[in-house]
Structures are given as C-alpha cells and as structure tokens.
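Chains as they are written, first to last, in the working numbering: chain A, 1 to 474; chain B, 1 to 176.
Warning: the hint list may mix true and false statements.
[Claimed, not checked] As a list, the in silico EDC-like pairs of lysine to aspartate or glutamate whose alpha-carbon atoms are at most 16 angstroms apart:
1) A:LYS398 with A:GLU417
2) A:LYS426 with A:ASP439
3) A:LYS149 with A:GLU123
4) B:LYS172 with B:ASP128
5) B:LYS2 with B:ASP50
6) A:LYS431 with A:GLU417
7) B:LYS152 with A:ASP9
8) B:LYS2 with A:ASP121
9) B:LYS152 with A:GLU380
10) A:LYS457 with A:ASP439
11) B:LYS152 with A:ASP121
12) A:LYS269 with A:GLU257
Simulated from the structure, these hints should not be mistaken for lab results.
The structure presented is a predicted model; accordingly, all values stated were derived computationally and were not measured.
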Amino acid sequence: MNPDAENTDRIMERMLDEVLGQEQPPDLFESIMARTVAIHWWFRLRVPAVAAALVLAAVGVGLWRVSRPTVETGIHGIASGHVLRRGELVMSLTDGDWFETGEEGAELILDDGSELAFLPDSEVIIHGPSGDVRQTIELLSGEGAFRVKKGDRTFEVATRIGRVTVVGTEFTVGLRVQQKQKGEERMNVKLVPAMVVAVALGSVEVDVGNRTYLLSAGQNQAFAEEEGAPRIKKPRVSEKERGERKVRKRRVSGTVESRDGNTLTIVQKGDSGSKTHTFDLGNAPVLLETDEYETVTGGEDGKRKQRKFAKGNPYNIERGQRVTVTSMDTAISEVRVYLPKKKREGGEGDREQPAGKPRVSEKERGEKKVIKQRVSGDIESCNGDALRVVQRGDSGSKTHTFNLSNAPVLVETDRYETVTGGEGDKRKRQKFVEGNRTDLEPGRRVIVTTINGTISKVLVYRPKKKREGGEGER
Amino acid sequence: MKRHTLETLVRRHQAEIYRYMRYMGASPADAADLVQEAFLAAFRGKTEPDLSDDRGCAAWLRGIARNMFLRHWRRGKRNRVVVNSELVEAAENTWSDWFLRDGDGFETVEALERCLEKLPDKQRSALDMRYRDRESRSEMSELLKMTENGVKSLLRRIRAGLAECIEQRLAKGLSP
Chain A
1 MNPDAENTDR IMERMLDEVL GQEQPPDLFE SIMARTVAIH WWFRLRVPAV AAALVLAAVG
61 VGLWRVSRPT VETGIHGIAS GHVLRRGELV MSLTDGDWFE TGEEGAELIL DDGSELAFLP
121 DSEVIIHGPS GDVRQTIELL SGEGAFRVKK GDRTFEVATR IGRVTVVGTE FTVGLRVQQK
181 QKGEERMNVK LVPAMVVAVA LGSVEVDVGN RTYLLSAGQN QAFAEEEGAP RIKKPRVSEK
241 ERGERKVRKR RVSGTVESRD GNTLTIVQKG DSGSKTHTFD LGNAPVLLET DEYETVTGGE
301 DGKRKQRKFA KGNPYNIERG QRVTVTSMDT AISEVRVYLP KKKREGGEGD REQPAGKPRV
361 SEKERGEKKV IKQRVSGDIE SCNGDALRVV QRGDSGSKTH TFNLSNAPVL VETDRYETVT
421 GGEGDKRKRQ KFVEGNRTDL EPGRRVIVTT INGTISKVLV YRPKKKREGG EGER
Chain B
1 MKRHTLETLV RRHQAEIYRY MRYMGASPAD AADLVQEAFL AAFRGKTEPD LSDDRGCAAW
61 LRGIARNMFL RHWRRGKRNR VVVNSELVEA AENTWSDWFL RDGDGFETVE ALERCLEKLP
121 DKQRSALDMR YRDRESRSEM SELLKMTENG VKSLLRRIRA GLAECIEQRL AKGLSP
C-alpha cells in the first residue's frame, strides 16, 4: 500500500470510529483554561514542583511573560517597589500607590527582594509596614503570584474577600467569579465572587470572615465571598496519625455469676455456647430496673413507655440476676440490673410465657414443622403407585414423581358447591367428587398436595375444552 | 498570547485538532492530552495569531499539534505504531486534501454518513461489527465465515470504496 493510500485508509478508520463508534471530540475548553495557571519562569526554573502544584489550581490564573528584571532596587525602603513590564521599569511605587497592570500584566519587585507578578487587568495598592506586617499588597482585582522573601515580619495580601498572611513562601491569589454548584443539582450553577489561593511552597494563613484556614504547599482553595466560610479540603488523616482512637461502645448482656467487690463476672449464653466476661466496675453507675414505667421521647408517635431504672450500687448485684454492662473502650460506663423474670410477669410489656407454659423448642417438644406443598402440572404417566407430573414454567419443565399410596383422588365436576370462607362469607366453587386411579390419565391437569412429602390428595381437573362455556368460565 | 485569544482559539479549533490527532493515529486519551498541550504551547509562545484568519490559525495549531504528536511518539518507544515525520507529513497532506475544504471536517464526516447509507448490507454489517461493536478480526472471521486475512481485506476494500465515495461527494457538494 502506498503512503497516500495508507494515510487515506487511516483517516477512514478514524472517521469510522467517530461515525459508527460514536466517538465525539471531547470538550476540552475547561481543562485547557484551567491549565493556564500562573507559571512564571522563575517558578519553573527554580522550583520545578511549583508548576505542578499550580496546575492543580481549580481555576486558571493567567500566564506572565515578564522577563527577569535587571533594575536596581532599594531606593524607596521596604514599602516600595518597581513595576516592570517585559523587564523594563515602568514606574516606582511608594506606600499607598495604586497601579493597574493594563493588558500586559506586570511584575513588581519589592525592596526586600520579594517578587510579585500580576495578570493583565489587575489593580493593586501597595501599603507599607504596620505593626507586625512589613508589607500589605491590596489586590483590588485580577490575580497575582507572590514569591515572598523570608523576614521577621509578615507579608499580607488583602482582598475584599479575605486576607492571606505569610512569612516567606510562594503562592498565588486571584479574585475571580467562581462557579458554585448548589446541592446535587449539577445544572443549578451560581456565579459568586471568590478569592482563589494556591500555595506553591511553604504555607499561608487565610483569614476569611471570622475564620482562619491554613493552606500548605500543593493545596489550593477558592474562598467564596458569599459564604465567607468556604469548604476546605481536609487532608485525609488516619486515626493513628491524629493520635486519636474511635471510641468503641460495647454492650454485654448476661447472668451474674459472681460479684466480688468491684469485680463482676457474668455469663453470656448464646446459640453457640456460653461465654464468661469479667468486668472491673470501678465507679460505674449501677441502675436497677423497677416495676414502674416512665414515658420517654421516641417511638412512632414521639413518645414511648419504658421501665424505670433506679440508682443502685454494686452490692445490689446478685448472683443469677440479668444484667447489661455497657463499656466505652475498656471503661464500664453503666451496669443495668434487670428484675428477675417472674417479677415481671403480668406487667406491661411482659415478654414471658404464661405461668405453667415454659418456652420449649420444637426439638424439645419432639415436634416437626408441617411442610405442605402443592405441585400443579400435567400427568405424564401413572404406573401403579408412581404418579409422574410435569410442571411447566417460564424457565422450563420439571417432572415430579409421587407415591400415590392410599391418597384420595378427587375429580373436578362441572357442578358447583357453596362453601363458607374463613371470614364467614359464602362463595361458590367447583365441586370435586371422589375418583380413582383410572382418572389419572396422561395429559390431565392435576394438583398434588403433599404434607411432609406424603401425598394427602390429588385433585384432577377436567380437560380445558370441557370447561368452556360453563358457569364461572375462566 | 492573551487569554481571550486562547479562549477563542480553543472554542473554534479544539474539535478539529482532536480529530487531526486521532487521524494521525493517537488514541482518544492521547489525542485529548495532545490537544491540551498544543493549545497551552500556543498560549505560551510569542505568536499572536490573527483571529480573522481562521484557516491560518487552524494550520498553525495543527503544526503545533503535529510536533507534539511526533515528540510524543518519539518518547514512547514502546508504542506499537511506528511514526516518523515523513509519514506524519504525508498524513498531514492527505488530511489537508480532505479537510481543508471544510475546515473542521464536519462536511467530510457528513459525506461519510451519506456514503454509509448506500453500502450493501454485507459491507455495512462488517463495518458495524468492527467499528460499532468493536469485534476483533478473529471474532469477525467466525461470524462472517471468512479467514482473518479475508476480513482484513474486506474492511480495507470497504474503506477504500468509502474514501472514493467521500471524494466524489465532496467534489459534487453534499447533494444526495
């Protein structure tokens, strides 16, 4: 294949991918614009990681193309700086001066060596020392990147939304209109003014409203003006790292085996056997169940009655009593002692069996649960006692073989009988008469009822065609 | 480049550049990456394009994207597709022949859709198996009761026929 044909073929393949494979070009606008973050050459040159950190910024800042300045500094003291455009000095600033970057953006070199770069259309006021603050840059609009030299006093970037305070670090601050999504509805997007802070190196303190947030290298956050309290991405810290441990609440119910001083031993009985637990009661409160009731909030109607518990002490705990021990981690938080079962009889909410009728399991009674089954289908064959019935369903057919033994065979007639239902209502139903095995002809519809595997009766239905036109036709 | 220039360029040409990258042989994910890189490179560069010259802007962006693509393939030596600058140049020429007349390639795609409608059933179902249902050649050979080479030849023949059909349609305009 010649190169032209090969290229044409490749183009055809891609087009078929697009047309038949429904591959549409993705909309990359947002991703591209988000990546146009401030990547000043000095950041990239000296701290390669910075660019990556800034790329993480959720919103774009802008890109400067300001050359490294060559001008002398230090003529106006610390509260001053030089504004450069494309590396050329355009003005010198002193305390309180305002400047606008215009269409090209600008770089500001402060006298302490801090380097600031602003996007096009940024408005800045430069403020001198005040208290612990060596310099405040008031950002009225636009966005700026700050590489602040370390000093004894702090450096501040103030906006109408909040204030960013640092000692020495690299970060960007931008004032933008940010899309804010309300609730789960993705379409409900609202535009709110926001201050976007992205930290490249070190950490910064952000004051918004009455709250202070600490952002460290690699973190970025948009602080909305509307709320004053934005969501901060909290780094995931494990319990171990926090030095914390989740409080584990545990309850153990059982019968008191012994109490020796503050040491309580209870036996917990379960299906898989019994287990003995020993607790050190310490100063844990002991609550004794009374036969009185109290109304507490809860339940469907907001209120419910429950047994009242009175304050007791460890000496009230006796062998054989039912108790529930609640512990938080390893310390006992409370012990509830319940009334002996017999004392609860007759009371409200009695859970016990009536006197003289102790609870006995089916196994103990030697009883077996009665399993009644019905199989409906067509007779396949009937040889001697063996009745084969084919049950047809959506998922296929299944053949059942029954041992007829002496099971009664009842044959449907075309007559009806009136029966009384469970609720006293009367209804008509097809009458069945006693039949015999000769009625069990192949192809006839039957319902075989078994009780614990033994046939109790076989209902034989009339062929379908004979039922047509009859009373109660289905 | 100013930010609003970039915004305009991205809005106007991103689909075309993506398509171009795909036609050059980049995977969908690679194509998306390369498109972003190409626009960012344009943004960082010193050229201030003339937004009134759409075709010039497209050609300029394609050039950047093409270089990105070549660099990308040269870096990834383990890539299965062998790409060299001559091949890419040839691809660019073919692509220009096909797409320059309608800029973003939408007319060409539309022409393909019309040509697909005229395909015989057997050919259409073979294309559906391959490009819509993503069947492998071996699966197709079982379904179509052909050898794998037969399937390969069949698909190539169909694609060549479609290419010819598209050429004719574009030459005539898109009238049915």
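Do the hints match the structure? See the list:
Restraint check for A:LYS398 and A:GLU417: the C-alpha separation of about 33 angstroms exceeds 16 angstroms, so the hint is violated. In summary, the hint linking A:LYS426 to A:ASP439 is not supported, as the alpha carbons are separated by about 30 angstroms, beyond the 16 angstroms threshold. Restraint check for A:LYS149 and A:GLU123: not satisfied, since their Cα atoms lie roughly 22 angstroms apart, outside the 16 angstroms limit. Our distance criterion of 16 angstroms between C-alpha atoms is broken by B:LYS172 and B:ASP128, whose separation comes to about 27 angstroms.
In summary, the hint linking B:LYS2 to B:ASP50 is supported, as the alpha carbons are separated by about 12 angstroms, within the 16 angstroms threshold. Between the alpha carbons of A:LYS431 and A:GLU417 the distance comes to roughly 6 angstroms, so the proposed pair stays at or under 16 angstroms and holds. Of the supplied pair hints, the one linking B:LYS152 and A:ASP9 holds, its CA atoms being roughly 12 angstroms apart against a limit of 16 angstroms. A threshold of 16 angstroms between alpha carbons decides the hint, and for B:LYS2 with A:ASP121 the separation of about 11 angstroms falls inside it, so the pair holds.
Distance check on the hinted pair: B:LYS152 and A:GLU380 sit about 55 angstroms apart at the alpha-carbon level, beyond 16 angstroms; violated. Distance restraint check for A:LYS457 and A:ASP439: the Cα-Cα separation of roughly 13 angstroms lies within the 16 angstroms cut-off, and the hinted pair is therefore satisfied. Taking the CA atoms of B:LYS152 and A:ASP121, the gap is about 58 angstroms. The hint is violated against a cut of 16 angstroms. For a cut-off of 16 angstroms, the pair hint linking A:LYS269 to A:GLU257 stands: about 12 angstroms separates their Cα positions.
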